[in-house]
Amino acid sequence: MVMIEHLEITAKLDNLSTMRDFVEQQAKQFGANERQAFALILSVDEAATNVINYGYRGNPGLLEIDVEREQETLIVTLKDSAPAFDPTTIPAPDVSLPLEARQPGGLGIHFIRQFLDKFSYQRSADGKNILTMKKYLTKGEKA
Amino acid sequence: MNITVSQTERVVPVTILHIQGSIDGLSYMDLVKKVEELYENGTRDLLLDLSEVPFLSSAGVVALHKVSRIMRGQNAREDDGWASIHAIDRDVENGIQKHVKLLNPQPKVESVLEVSGFNRFFEVFANLEKALGAF
Numbered sequence: 001m002v003m004i005e006h007l008e009i010t011a012k013l014d015n016l017s018t019m020r021d022f023v024e025q026q027a028k029q030f031g032a033n034e035r036q037a038f039a040l041i042l043s044v045d046e047a048a049t050n051v052i053n054y055g056y057r058g059n060p061g062l063l064e065i066d067v068e069r070e071q072e073t074l075i076v077t078l079k080d081s082a083p084a085f086d087p088t089t090i091p092a093p094d095v096s097l098p099l100e101a102r103q104p105g106g107l108g109i110h111f112i113r114q115f116l117d118k119f120s121y122q123r124s125a126d127g128k129n130i131l132t133m134k135k136y137l138t139k140g141e142k143a
Numbered sequence: 001m002n003i004t005v006s007q008t009e010r011v012v013p014v015t016i017l018h019i020q021g022s023i024d025g026l027s028y029m030d031l032v033k034k035v036e037e038l039y040e041n042g043t044r045d046l047l048l049d050l051s052e053v054p055f056l057s058s059a060g061v062v063a064l065h066k067v068s069r070i071m072r073g074q075n076a077r078e079d080d081g082w083a084s085i086h087a088i089d090r091d092v093e094n095g096i097q098k099h100v101k102l103l104n105p106q107p108k109v110e111s112v113l114e115v116s117g118f119n120r121f122f123e124v125f126a127n128l129e130k131a132l133g134a135f
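Protein sequences appear in the order of chains A and B. The working numbering numbers the first residue of the first sequence as 1 and each following residue consecutively. The working numbering numbers the first residue of the second sequence as 1 and each following residue consecutively.
Because the hints were derived from the structure by calculation, they are not lab data. There's no promise every hint is true.
In the BS3-like style, the derived pairs of lysine-lysine whose C-alpha atoms are separated by at most 25 Å in a straight line are [stated by the list, open to error]: (1) Lys79/A to Lys12/A; (2) Lys134/A to Lys34/B; (3) Lys28/A to Lys108/B; (4) Lys28/A to Lys118/A; (5) Lys33/B to Lys12/A; (6) Lys98/B to Lys12/A.
Anything over 12 Å on all C-beta distances counts as not near chain B; from chain A, calculated [as the list claims (entries may be wrong)]: (7) Met3; (8) Asn15; (9) Phe38; (10) Ile41; (11) Asn50; (12) Gly61; (13) Asp66; (14) Glu68; (15) Ile75; (16) Phe85; (17) His110; (18) Arg113; (19) Gln114; (20) Tyr121; (21) Ser124; (22) Asp126.
We put the CB at the ideal spot given by N, CA and C, even for glycine.
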């Protein structure tokens, strides 16, 4: 059985808390413990913040969030219609790089990599960025 | 996010910021501006009470680093994102942050501080009296 919940919301920073609450509620409903849910909440917050600040850049836009459970994996998908950008290409932190070499939003991507089990990107045929974030429920620590 | 300020003195005068609410991309600059204002008005030692902060993102980590710069009399506007991580690595070599300490972060917030390496930079206390005595 596949369970899925959907949220469509205006891309603005004021809505971050609504997005976090939605992911928390659905992830827990689908069986995530506190730590697993938090990993997904933090990741969605970071990814959405990057899309709002560096994707839409203040222009009006929408964010679509799906939370689903497929067997023992929780999957959160974030879709936006901002210009194409693949955050998975942002390199891991390298403290030897000069400060100018950093990428905006890179710290958030670093957190996503640390907290999630899988993180992938695709550009859809209808011009959307699709970020897929996965957390395995079986590997999780106790809450 | 709501911030209330109180003053107390043990070894030195310490300003305590009681932060209520999430420190995210929307709210993080409110914290930075509050600390800028306090520094301008003479605050030199700061304890951030995080017990009522349910969520802190990378924006919150950036805010904490800006706060540490302000309390050392440095420009807080220079760094963002990655720069915080670079700067923290540099700063850790110079020893732990002396004028800003953290009180009672919730476990989830603590996990973010760990991943960012900030727990090597800020002293974290679970007890108010111990925190105040450490300045």
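Verification of the hints:
1. Lys79/A to Lys12/A: It holds: about 14 Å lies between the C-alpha atoms, which stays within 25 Å.
2. Lys134/A to Lys34/B: Outside the cut-off at roughly 37 Å; violated.
3. Lys28/A to Lys108/B: Distance ~15 Å between Lys28/A and Lys108/B Cα, so the pair holds.
4. Lys28/A to Lys118/A: 19 Å, holds
5. Lys33/B to Lys12/A: Distance ~21 Å between Lys33/B and Lys12/A Cα, so the pair holds.
6. Lys98/B to Lys12/A: The given pair, whose Cα atoms are some 36 Å apart, is violated under the 25 Å limit.
7. Met3: At about 24 Å from chain B, Met3/A clears the 12 Å cut-off, so the statement holds.
8. Asn15: Its Cβ does come within 12 Å of chain B, the nearest being 9 Å, so this is violated.
9. Phe38: 5 Å, violated
10. Ile41: Not fine: 7 Å to the nearest Cβ puts Ile41/A too close to chain B.
11. Asn50: 9 Å, violated
12. Gly61: 15 Å, holds
13. Asp66: Asp66/A is indeed farther than 12 Å from all Cβ atoms of chain B, at 21 Å.
14. Glu68: 23 Å, holds
15. Ile75: Check passes; 21 Å lies beyond 12 Å.
16. Phe85: Non-interface label stands for Phe85/A: nearest chain B Cβ at 15 Å, farther than 12 Å.
17. His110: 8 Å, violated
18. Arg113: Not fine: 10 Å to the nearest Cβ puts Arg113/A too close to chain B.
19. Gln114: 5 Å, violated
20. Tyr121: 18 Å, holds
21. Ser124: 25 Å, holds
22. Asp126: Non-interface label on Asp126/A holds, nearest chain B Cβ at 27 Å vs cutoff 12 Å.
Hints 2, 6, 8, 9, 10, 11, 17, 18, 19 from the list above are not met by this structure, while the remaining hints are.
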